Amino acid sequence: MELDLGLSLSPQTNSSKLGFAFDLNNHCEIQRAASCLDTKKQRFEATFGLGNIEEDCYVPKPRLFVLNGQPNEEDEDPLESDSSTVDDEEENSQVVGWPPVKSCMIKYRSYHHRHSRNHHHYPYHHHGRRITGMNNNISTMIGSTSSSSSTTSSRSSMYVKVKMDGVAIARKVDIKLFNSYESLTNSLITMFTQYEGCDREDANYTFIFQGKDGDWLLPEDAPWKLFAESVHRISIMRDSPCAYTRRLFKR
Amino acid sequence: MNYFPDEVIEHVFDFVTSHKDRNTISLVCKSWYKIERFSRQQVFIGNCYAINPERLLRRFPCFKSLTLKGKPHFADFNLVPHEWGGFVQPWIEALARGRVGLEELRLKRMVVTDESLELLSRSFASFKSLVLVSCEGFTTDGLASIAANCRHLQELDLQENEIDDHRGQWLSCFPDTCTTLVTLNFACLEGETNLVALERLVARSPNLKSLKLNRAVPLDALARLMLCAPQIVDLGVGSYENDPDSESYLKLKAAIKKCTSLRSLSGFLEAAPHCLSAFHPICHNLTSLNLSYAAEIHGSHLIKLIQHCKNLQRLWILDSIGDNGLEVVASTCKELQELRVFPCDLVGVGDTTVTEEGLVAISAGCPKLHSILYFCNQMTNAALIIVAKNCPNFIRFRLCILEPNKPDHETSQPLDEGFGAIVKACKSLRRLSVSGLLTDQVFYYIGMYANQLEMLSIAFAGDTDKGMLSVLNGCKKMRKLEIRDSPFGDKALLADVNKYETMRSLWMSSCEVTLSGCKRLAQKAPWLNVEIINENDNNRMEQNGHEGRQKVDKMYLYRTVVGTRMDVPPFVWIL
Numbered sequence: 001m002e003l004d005l006g007l008s009l010s011p012q013t014n015s016s017k018l019g020f021a022f023d024l025n026n027h028c029e030i031q032r033a034a035s036c037l038d039t040k041k042q043r044f045e046a047t048f049g050l051g052n053i054e055e056d057c058y059v060p061k062p063r064l065f066v067l068n069g070q071p072n073e074e075d076e077d078p079l080e081s082d083s084s085t086v087d088d089e090e091e092n093s094q095v096v097g098w099p100p101v102k103s104c105m106i107k108y109r110s111y112h113h114r115h116s117r118n119h120h121h122y123p124y125h126h127h128g129r130r131i132t133g134m135n136n137n138i139s140t141m142i143g144s145t146s147s148s149s150s151t152t153s154s155r156s157s158m159y160v161k162v163k164m165d166g167v168a169i170a171r172k173v174d175i176k177l178f179n180s181y182e183s184l185t186n187s188l189i190t191m192f193t194q195y196e197g198c199d200r201e202d203a204n205y206t207f208i209f210q211g212k213d214g215d216w217l218l219p220e221d222a223p224w225k226l227f228a229e230s231v232h233r234i235s236i237m238r239d240s241p242c243a244y245t246r247r248l249f250k251r
Numbered sequence: 001m002n003y004f005p006d007e008v009i010e011h012v013f014d015f016v017t018s019h020k021d022r023n024t025i026s027l028v029c030k031s032w033y034k035i036e037r038f039s040r041q042q043v044f045i046g047n048c049y050a051i052n053p054e055r056l057l058r059r060f061p062c063f064k065s066l067t068l069k070g071k072p073h074f075a076d077f078n079l080v081p082h083e084w085g086g087f088v089q090p091w092i093e094a095l096a097r098g099r100v101g102l103e104e105l106r107l108k109r110m111v112v113t114d115e116s117l118e119l120l121s122r123s124f125a126s127f128k129s130l131v132l133v134s135c136e137g138f139t140t141d142g143l144a145s146i147a148a149n150c151r152h153l154q155e156l157d158l159q160e161n162e163i164d165d166h167r168g169q170w171l172s173c174f175p176d177t178c179t180t181l182v183t184l185n186f187a188c189l190e191g192e193t194n195l196v197a198l199e200r201l202v203a204r205s206p207n208l209k210s211l212k213l214n215r216a217v218p219l220d221a222l223a224r225l226m227l228c229a230p231q232i233v234d235l236g237v238g239s240y241e242n243d244p245d246s247e248s249y250l251k252l253k254a255a256i257k258k259c260t261s262l263r264s265l266s267g268f269l270e271a272a273p274h275c276l277s278a279f280h281p282i283c284h285n286l287t288s289l290n291l292s293y294a295a296e297i298h299g300s301h302l303i304k305l306i307q308h309c310k311n312l313q314r315l316w317i318l319d320s321i322g323d324n325g326l327e328v329v330a331s332t333c334k335e336l337q338e339l340r341v342f343p344c345d346l347v348g349v350g351d352t353t354v355t356e357e358g359l360v361a362i363s364a365g366c367p368k369l370h371s372i373l374y375f376c377n378q379m380t381n382a383a384l385i386i387v388a389k390n391c392p393n394f395i396r397f398r399l400c401i402l403e404p405n406k407p408d409h410e411t412s413q414p415l416d417e418g419f420g421a422i423v424k425a426c427k428s429l430r431r432l433s434v435s436g437l438l439t440d441q442v443f444y445y446i447g448m449y450a451n452q453l454e455m456l457s458i459a460f461a462g463d464t465d466k467g468m469l470s471v472l473n474g475c476k477k478m479r480k481l482e483i484r485d486s487p488f489g490d491k492a493l494l495a496d497v498n499k500y501e502t503m504r505s506l507w508m509s510s511c512e513v514t515l516s517g518c519k520r521l522a523q524k525a526p527w528l529n530v531e532i533i534n535e536n537d538n539n540r541m542e543q544n545g546h547e548g549r550q551k552v553d554k555m556y557l558y559r560t561v562v563g564t565r566m567d568v569p570p571f572v573w574i575l
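Going down the list, the protein sequences come from chains G and D.
Start counting the first sequence at 1; every next residue gets the next number (UniProt numbering).
Start counting the second sequence at 1; every next residue gets the next number (UniProt numbering).
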């Protein structure tokens, strides 16, 4: 029996482990990823379907993808959690303390956005930020007066189940928080290895995605935007077990 | 041996006011040290934990002005927990006990309580000036004590503090006998303001030169205030929503015309931009304009306003001005020395923003520019090279590309060469912030060329320890180094432990530094406080079996002569 947890990712985890932030505009951040992850032991391999944006990116190393067929998992999960109950903090896709603007200025923007009578004159689609109390861990939340699900469709959450080999508890992540396969896959690996206490160096990870029609896809099969709209489920294969799965096999 | 009596030497020293120079004077000989310490009037303490109040009083018994800084700079961006430290209370207690004739207190990033303010207001009969910048922990009740008890108050300057506004009557706590105010800045207060009390206060303050209002002061009140204080030099407009046909607006126009001494304008916290033209008559006198909170002023109204400001030396603006707007600035403001362009849309995907073109235009048009803070969406090496050529006089150069790791958007190369050109050309550069995609190469350039660099901010940059090592080895005058989310680790941290004695502080967060590395450093350098800040799991670091290899989330180290501080909260571990 599988448990589902509706947890999304803390960006702090990502930035501290990987040394870089979410990429906001579909540009590649491979350079940083390469230096952090690229050891002999970890051959994290995935491609990313960024279409013709790839040529513009600074890409020091090419990436490979390995296909691994997997039958569909059961569709019903009795303990499905409601995405709308996810904590405000965890919807944050921004890096803590970035951009480096003083908190009073951020607070002012949020106040202004909430109370502005000239809102319709605002030249661009502005999302105010709200300081959640004196909380320093996650300082802001996207979406000012309304929760993210009630704003325009480009901002609504979209949670998909993620299951990693050998890990009993599946997770849910909000696909809308990411802009590229790279950031998604990196974040997922971080999330699983952090919670399971595994070493991320230990394993080769392969990702496959299941679309709404049930077919399993490779990341290179679809451009990110299309993928983000139609992905239903994600599965991560690992070919070298960590301590947890070793214990599991021993039983 | 002195050729002159001590009094003469002391008189000569009176002309030396810079604390750096006075520190140097005191190193000349014992006699000068002694004369200097008894005559020092203003003491500057850049890190409140580098020394304690008792030692301060022992060395300088006669000072009148104290400046204290608490939290590290990255606290401005929520990277330091609120309870980390920087309490002013023990300082005020010690100064009160020592019967110091305190007249001025300037605090930055410190925790100030109402109790501290109350004690301050009662302990120093000659107290004149309170300046609080980016502080927190107090309410308007504390301000009420200052207003009520400081008989000779001249300056109350609250800049960007987090103040709990109890909507009390702190302004009415100024006694009727208080007529000495020169500066009154309460722009950061969120709540209601007693307008009657404010007007009466301004009316009885003939020396008032600087008045910065909060959002709760509406236009008609502004008009009345300006009529009471035509001698005003520095004005922070609160709320500026108005109707161009109203009587208040006409009154305001008349009042503004009389303020011929007005040199600095800020605020416009809520503004109806089409009424800005009321200020046009005095714009040519302005040397400083801060519209960084004026989110509603943009487009043609903003440009029209700036076109009147031919003598601006300092301009703080939002990026909604756009590259076109910056071109207008470049062609109008030939005296410009300092420019700050802040992001309007903090998510970074706004329609109107500034690019490298705006920066190049400014550099070409403003020959006196020496300080810049520039938030933008994109940058190129070519642009930075041109900027370096146009402006070799930069003292402060802070560039923040909103998206971390973004390369040169034309060539997809890292921005190493661009920043390299800046540090090579700007021989007086003292402060630098880098951003965008950067490799170790940029740090090689910084170490090689940035000889005067005192403060460096690094985020999401570099490849290996070599980067940080280049900086530590090359920048002889480095005082404050702050690094986040960059792959620098123990090797760089431990390479030259003595370097940290020449620096005020080092901040590293989300880097590759490990706990065992920090411990080794603390062992080698007992004159440093090496603080590990770990708010998420208080005990995880100690209990985890792999603790040596575990990466440290936030490390802050600083030189100190008084050892470990006593007020450490549970999530801070001093090694």
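Hints listed in this document are in silico derivations from the structure and should not be mistaken for laboratory results.
Do not rely on the hints blindly, as some may be mistaken.
To be verified - FRET-style restraints, in silico, Cβ to Cβ:
#1 G/229 / D/115: 53 to 59 Å
#2 D/197 / G/229: 57 to 63 Å
#3 D/412 / G/221: 58 to 64 Å
Claimed, not checked - No farther apart than 16 Å at their CA atoms in a straight line, the calculated lysine to aspartate or glutamate pairs in the EDC-like style are these:
#4 D/304 / D/338
#5 G/102 / D/165
#6 G/107 / D/463
Fair warning: this is a prediction, and the values are worked out from it, not measured in the lab.
For every residue, glycine included, the Cβ atom is placed at its ideal position computed from N, Cα and C.
Results of checking the hints against the structure:
| no. | hint | verdict |
| --- | --- | --- |
| 1 | G/229 / D/115: 53 to 59 Å | holds, 56 Å |
| 2 | D/197 / G/229: 57 to 63 Å | holds, 58 Å |
| 3 | D/412 / G/221: 58 to 64 Å | violated, 25 Å |
| 4 | D/304 / D/338 | violated, 20 Å |
| 5 | G/102 / D/165 | violated, 19 Å |
| 6 | G/107 / D/463 | violated, 34 Å |
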